[in-house]
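Starting from the known structure of chain A, fit chain B onto it as the hints suggest.
Chains A and B, in that order, give the protein sequences.
Our numbering applies: residue 1 is where the first sequence begins, and numbers increase by one.
Our numbering applies: residue 1001 is where the second sequence begins, and numbers increase by one.
Check before you lean on any hint, since a few could be wrong.
To give an idea of the chain B side of the interface with chain A (calculated C-beta under 7 Å), a few residues [claimed, not checked]:
(1) Asp-1060
(2) Met-1077
(3) Asp-1123
(4) Gln-1164
(5) Leu-1166
Covered stretches of chain B, going by a simulated chain A footprint (3 or more residues, C-beta under 8 Å) [claimed, not checked]:
(6) 1044–1057
(7) 1101–1115
(8) 1145–1156
A few chain A positions that, by computed beta-carbon distances, are all more than 10 Å from chain B [said to hold, decoys possible]:
(9) Thr-17
(10) Asp-107
(11) Gly-123
(12) Arg-163
(13) Ala-303
(14) Ala-305
Hints listed in this document are in silico derivations from the structure and should not be mistaken for laboratory results.
Even for Gly, the Cβ is constructed at its ideal location relative to N, Cα and C.
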Amino acid sequence: MTASPQSKLLSMSEAITEHVPSGSTVLMGAELEQMIPFSAGHEIIRQGRRDLTLVGPISDMLFDQMIGAGCASRVMAAWVGNASSGVGYCFRRAVERSIPHAIETVDYTNFTLAMALHAGAMGVPFMPTYAALGSDIIKRNGNLREFASPVNEERLIAVRALRPDVAIVPVQRADAQGNSHLWGNLGVAIDGARASRKIIVVAEEMVALEVIASDPNRTLIPGFLVSAVVHEPWGSHPSPVQGYYGRDHVFFSVYHEESRKQEDYERWLERWVLKVSSRTEYMKQLGESRMASLKVREHAYTAAADFGF
Amino acid sequence: MVAAAAREIHDGEIVFVGMRLPMIAFALAKRTHAPRATGLFENGIIRDTPASEGIFTMGDPANLRNATFCGDMISVMSFLQQGKVNVGFLGAAEVDRFGNLNTTWGERNGQTVRLPGSGGACDIACLAQRTVVILVHDPQRLVPLVRHITSPGNGTGDGWRRAQGLPARSGPSAVITTMGVLRFGDDGEAFLDSVHPGVRVEDVLSNTRWSLRVADNLKLTPVPSEGELAVIREMDPDHFWTKT
Chain A
1 MTASPQSKLL
11 SMSEAITEHV
21 PSGSTVLMGA
31 ELEQMIPFSA
41 GHEIIRQGRR
51 DLTLVGPISD
61 MLFDQMIGAG
71 CASRVMAAWV
81 GNASSGVGYC
91 FRRAVERSIP
101 HAIETVDYTN
111 FTLAMALHAG
121 AMGVPFMPTY
131 AALGSDIIKR
141 NGNLREFASP
151 VNEERLIAVR
161 ALRPDVAIVP
171 VQRADAQGNS
181 HLWGNLGVAI
191 DGARASRKII
201 VVAEEMVALE
211 VIASDPNRTL
221 IPGFLVSAVV
231 HEPWGSHPSP
241 VQGYYGRDHV
251 FFSVYHEESR
261 KQEDYERWLE
271 RWVLKVSSRT
281 EYMKQLGESR
291 MASLKVREHA
301 YTAAADFGF
Chain B
1001 MVAAAAREIH
1011 DGEIVFVGMR
1021 LPMIAFALAK
1031 RTHAPRATGL
1041 FENGIIRDTP
1051 ASEGIFTMGD
1061 PANLRNATFC
1071 GDMISVMSFL
1081 QQGKVNVGFL
1091 GAAEVDRFGN
1101 LNTTWGERNG
1111 QTVRLPGSGG
1121 ACDIACLAQR
1131 TVVILVHDPQ
1141 RLVPLVRHIT
1151 SPGNGTGDGW
1161 RRAQGLPARS
1171 GPSAVITTMG
1181 VLRFGDDGEA
1191 FLDSVHPGVR
1201 VEDVLSNTRW
1211 SLRVADNLKL
1221 TPVPSEGELA
1231 VIREMDPDHF
1241 WTKT
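Excised from the complex, chain A in its bound form:
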């Protein structure tokens, strides 16, 4: 028997300190509206990271918060805003008025961003697609280039591979090595994680290897790829985590109102990010009754699958 490998468990603060330096290209929000790593984003803001390239298909309001806090110099995304209400005011201020500073926006479509990560995950330089042909998106994004197919007469788009420095991926449960079970809609999480040079897994729950190995089809990130595991219950609030908590629609709507003006956004940031030292403190501020209202009302367990032989 070999000794069990060392645990990769870190606190959120340690994980961000170690694996997300300023200047990094960071993939977040890979599971779309589910499981957005808000607690990781807030820690990045608290640690004052700058010059980040944020990568994510729709990003929802986390990117808006990070742009407003001055963390990002570039966004590579298909959609930046607030899924509940449309516009992201910090994103708009940065693009339209360079507040707090100018950012570069590299517009993708969801499919082309998924393919950029797929190419990265496969280790090839590009993926071909018909998507985005005829759009003005391809005129402004040098990573989407028309080419003549070498096998027939067609024109396609070559989507250049993307390899983020680090992917931050919330999962329902993981073991200390980072073997991760996640379920629900996956968005670009699998390709995104595999395309990235490092992966930080943010787990709602820590489990033993035996639990992971009991259902290996549900292991969507193998532990050997993972750099750090953060055990962070409620780490995705206000976005939902299937089987753990629902979407806090009110929190999204309130942020929409309170980010409309720069000074109000700064107050919001102070209250929910800068003045709370950890997710535990953030949840305390949110309050027991709000948490109770978001908890699973009716559990729905899957049918057991038999791995016996």
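Structure of chain B alone, referenced to chain A:
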């Protein structure tokens, strides 16, 4: 508007469901005339039944529960690229006479405004067999030429899509507004196909910033039935999405 959108879904079809109103339209179609329609969501969900309660986003937990498939985006988008998706729904800040859509750059009070961008809209507009657009009818939104083609319609007219390399069986099918339904002629340009009850044709034309052609056999959009209205109210009890 939602009822008219639902009627664009035929029974047994594969539907790429977007955010907001299309989610309600899909639920409505499923529970009325198209019980065998299948819904694909770009976050990786496939459903044979609408969600059991109203949802704000396609990733709300109720939309995952009892899904028939939960996977990744590239899987469902690949079905789209294979040509398997019959109809996809889109919203837009601007639509033009050829059905091109803009959701990237807008204008408010003379100022340029940055909008959220494509999401999956451009992919759907490129790859679905039929695209249905839903938007509020006002002169700021129905413009002669969009300032930015986020999602291509018929470009500059007949033959444009094929010249770009887009799939042969794809393109805009209907634009459903708060005033009526626009469809597209063989030349790729939109015409007014029906007006909603109580709406005058001249009001449609004066709220459209190009000279919109009117069908010779202009129709009246069928009034939503009591049954349809009941489903809409159930899916959106607070009128969060169905204000207009």
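Checked hints:
With its C-beta approaching chain A no nearer than about 5 Å, Asp-1060/B sits inside the 7 Å limit, and its interface hint holds. A least Cβ separation of about 4 Å between Met-1077/B and chain A falls short of the 7 Å threshold, and the interface hint therefore holds. Because the beta carbon of Asp-1123/B sits about 4 Å from the nearest beta carbon in chain A, less than 7 Å, this interface hint is met. A hinted interface residue such as Gln-1164/B counts as satisfied when its beta carbon comes closer than 7 Å to some beta carbon of chain A; here the least separation is about 4 Å, so the hint holds.
About 5 Å separates the beta-carbon of Leu-1166/B from the nearest beta-carbon of chain A, less than 7 Å, and the hint is met. Evaluation of the coverage hint for the stretch 1044–1057 of chain B: fulfilled, as 4 residues show C-beta separations to chain A shorter than 8 Å, against a requirement of three. For a cut-off of 8 Å, the count of residues in the stretch 1101–1115 of chain B with a CB near a CB of chain A stands at 6, and the three-residue condition holds. Only when three residues or more bring their CB closer than 8 Å to a CB of chain A does the claim for the stretch 1145–1156 of chain B stand; here the count is 6, and the claim holds.
Every C-beta of chain B lies more than 10 Å from that of Thr-17/A, the closest at about 30 Å, which supports listing it as non-interface. Against the 10 Å criterion, Asp-107/A falls within the reach of chain B, whose nearest CB is about 5 Å from its own CB. Its beta-carbon lying about 16 Å from the closest one in chain B, Gly-123/A satisfies the requirement of being farther than 10 Å from that chain. In this structure Arg-163/A is separated from chain B by more than 10 Å, as the shortest Cβ-Cβ distance comes to about 17 Å.
Listed as outside the interface, Ala-303/A is consistent with that label: its C-beta sits roughly 13 Å from the nearest C-beta of chain B, beyond the 10 Å cut-off. With a closest Cβ-Cβ approach of about 15 Å to chain B, Ala-305/A is found to remain outside the 10 Å limit, as its non-interface label requires.
Of the numbered hints listed earlier, the single one contradicted by the structure is hint 10.
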